[in-house]
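Once you've looked at the hints, dock chain U against the given chain H.
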Amino acid sequence: MAESGPADMACYVLPLACPVGAGGAATGPGGAGPGGAGEPQEEFPPKAMLLGHARWFCRIRWVVIAALLLFGLVGRSPEAMAWLHLRLPGLWPLVTAGVLTLGNAFFRARLGSSARPAGSRAVLGNLWGQIVVDLLVLAVVVHFIGSTETYVAFVYLFHIVLACVVLSRGQSLLVTMLAIVLYGGCVLAEQRGLIAAQTVFAAPPPAQAGAAGTDRVALNTLSAMALWLAAWHLTSRLCQLVRRRDIELARTNRRLLAAQAERARHMLATTHQLRSPFAAIAANAQVLREGYCGELPQAVVPVVDRIIARCHRLAGEIQEMLQLANLNSIGGRDQPVVRVDLAEVLRWCLERVEALAQGRAVTISADIEPAEVMGVQDHLKMLLFNVIHNAATYSHEGGLVRVTCRPQPPGGACVTVADGGIGIAEAKLPHIFDEHYRTVEAMRHQRESSGLGLAIVRDVARLHRIGVSVASRLGAGTTVELRFPVIARQGDNVRLQ
Amino acid sequence: MAYLMIVDDDEDFTSALTTTLRAAGYEVEVECDPAAAMEKMEARTPDLAILDVMFPEDASAGFALARSLRQRNDALRNIPILMLTAVNAKFPLGFGVHDIDEGWLPVSDFLEKPVDLRLLPQRIEALLSK
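Here the protein sequences come in this chain order: H and U.
Just so you know, we're using the numbering used here here: the first sequence kicks off at 1160 and counts up by one.
Just so you know, we're using the numbering used here here: the second sequence kicks off at 1428 and counts up by one.
It is possible that part of the hints are untrue.
Said to hold, decoys possible - Some residues of chain H that are not near chain U, with every Cβ distance over 10 Å (derived):
#1 Gly1249
#2 Gly1284
#3 Leu1332
#4 Glu1531
Stated by the list, open to error - Computed footprint of chain U on chain H; a stretch qualifies when at least three of its residues, placed anywhere within it, have a C-beta under 8 Å from a C-beta of chain U:
#5 1437 to 1450
#6 1470 to 1482
Since the hints were derived computationally from the structure, they do not count as laboratory data.
These numbers were taken from a predicted model, which means no experiment stands behind them.
The beta-carbon is built from N, C-alpha and C at its ideal position, and this holds for glycine as well.
Only chain U is shown next, with the shape it has when bound in the complex:
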């Protein structure tokens, strides 16, 4: 059973996400604070991390978390990262899947909210099988 770490501060959203992913057979843990999530991931490496971008204390904490994951030990550096966010276009301010690069946005895949939860397990499986 793959172990997924969800880092998102929107409890309503993560509750639905957790229900769907647990029903799909994943072990899911949710953390709303990026710093605490990093500690948890260092203690137990997830098979995949699902990150939001904007957090109340830092509008780009999700980016920072993705970048710091890529600079950690080998286990964390190589985990697939799926980024979910409500800001979905480079213009005016956000970004898109075409902006993924190792330096600026080091994630494996990107989905914009609202997410079609029926498609989510397929995307996760695709990332896990890489």
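So that you can see chain H by itself, here it is in the shape it has in the complex:
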């Protein structure tokens, strides 16, 4: 977008359309609306879908070939055909099966492998080739089975409906017209005596009375064609509506993903921008506190300490607020769900809490067995860290925190974190998972907390369907029990709720 301006000055023209996923909100006053200049135009049918349809057609065609082969082989047996009251069909079923086999092998080979699929145009050409060959072969089959005497011509309807599903409305109309021309041509040629009318039935057709018979055939043929057109109209219209909805959904999904990516970038910047000033204030306050700018008066020292402590607390709160916001966002729920060993996560958490525990002379006793669960590793770290951190924080000095982890056959796990700390009054227990809720006892014991830790625990537990129970008695301590659900079988599609 850089242009050369007057006097060789670099010039930049701000693009008014906001490209999806390239910074800025995906929608908004300056954003492009549906189908606007900023939106990529959808290719229809999409290549992947087209390729899938073309391959599916090839698979279905093997069934048709098998049916023709079976009919051709049974048709070699006069007894079987007499029992079925059918005429000997001759070689046409085997010949058409052979032609379809060669065609099918050719079309399948041209579609390429999964690793190296054919290009969009090649796939569309392939699909059209399949359709034309199918319709031509069907014309032959219809002729030999009986174009006016049987209902075999309605097989064309399958092709018309499938064309409506996989092709655009105009293209499916072309297929319909091609079917009409081939069928009409076949009937006309038979009626004019250019080719002899055929039938599969052993008994001869009832005699038609001259012109009246011809009129009846014409009426039936035209009625069939009219029915095909009606079927085309209704099916293609319905498919068009579904397709529009699909495209709109795909577009919305792309916008959503772009908005998530943008939000993630924004979160990153916000975290940095909010925490950095506190880091700078804390660092400079520490410079003062350590006396690098001269000795501080005694009365000033606790003030500077409070500044430092508050900076650390605010930085931590910002982190927790962002974690909580992310947990409740779609992006936060879209984290990869993997097999996680709780023992490993617990050890990670214990390392992080170690400094706090040592500072408060709290002993942490860990009795941890390996236990695998399914979940988002970072979510589980947040959950367990907050529970253990709380236990260490609200223990009395010199207290003990017991952490246990046990696998629960047939696949769940149970983690308990017990402390002998300040405890929680029964009436207050239902509120402890609310954002920013803190009991008076907790406030008195430890001022420096955001009250968001257990809200994070609540949200992670709900996302992962982890059962959380808290048993507590004021002044006697608290035990948190976490029951992880039975592990999903390998290969199950596990998603957060």
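Quick look at chain U alone, frame taken from chain H:
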């Protein structure tokens, strides 16, 4: 006297850092631009580099600088890197000390801001003595 290069665009923060580290006996140079810092480090190899992650022009310039240091000459490739950043957890977006690996985050140690400046000289000494 060990020579330390600090690459961080937050002047208020680096000012405090410099004061503390100089008082602890280090020779300290500060650079706010990662590209200029690389030039300076190529001209004179520091004993240790302290890097921030996010810079105004590039949200991950600190990562890029750490990676390019590891691809330079032997002297630069082997210097200890201490990363300091305000984004301190892999979730939602950042990373932690457990994410240090040679490919993605090739640093020697990681500290989150706000930093306890009293502990910083100990961490630096530990890295220098490795």
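Exercise. What are the numbers of the hints that this structure violates, sorted from low to high?
Worked result: Checked against the structure, no hint fails, so every one of them is satisfied.
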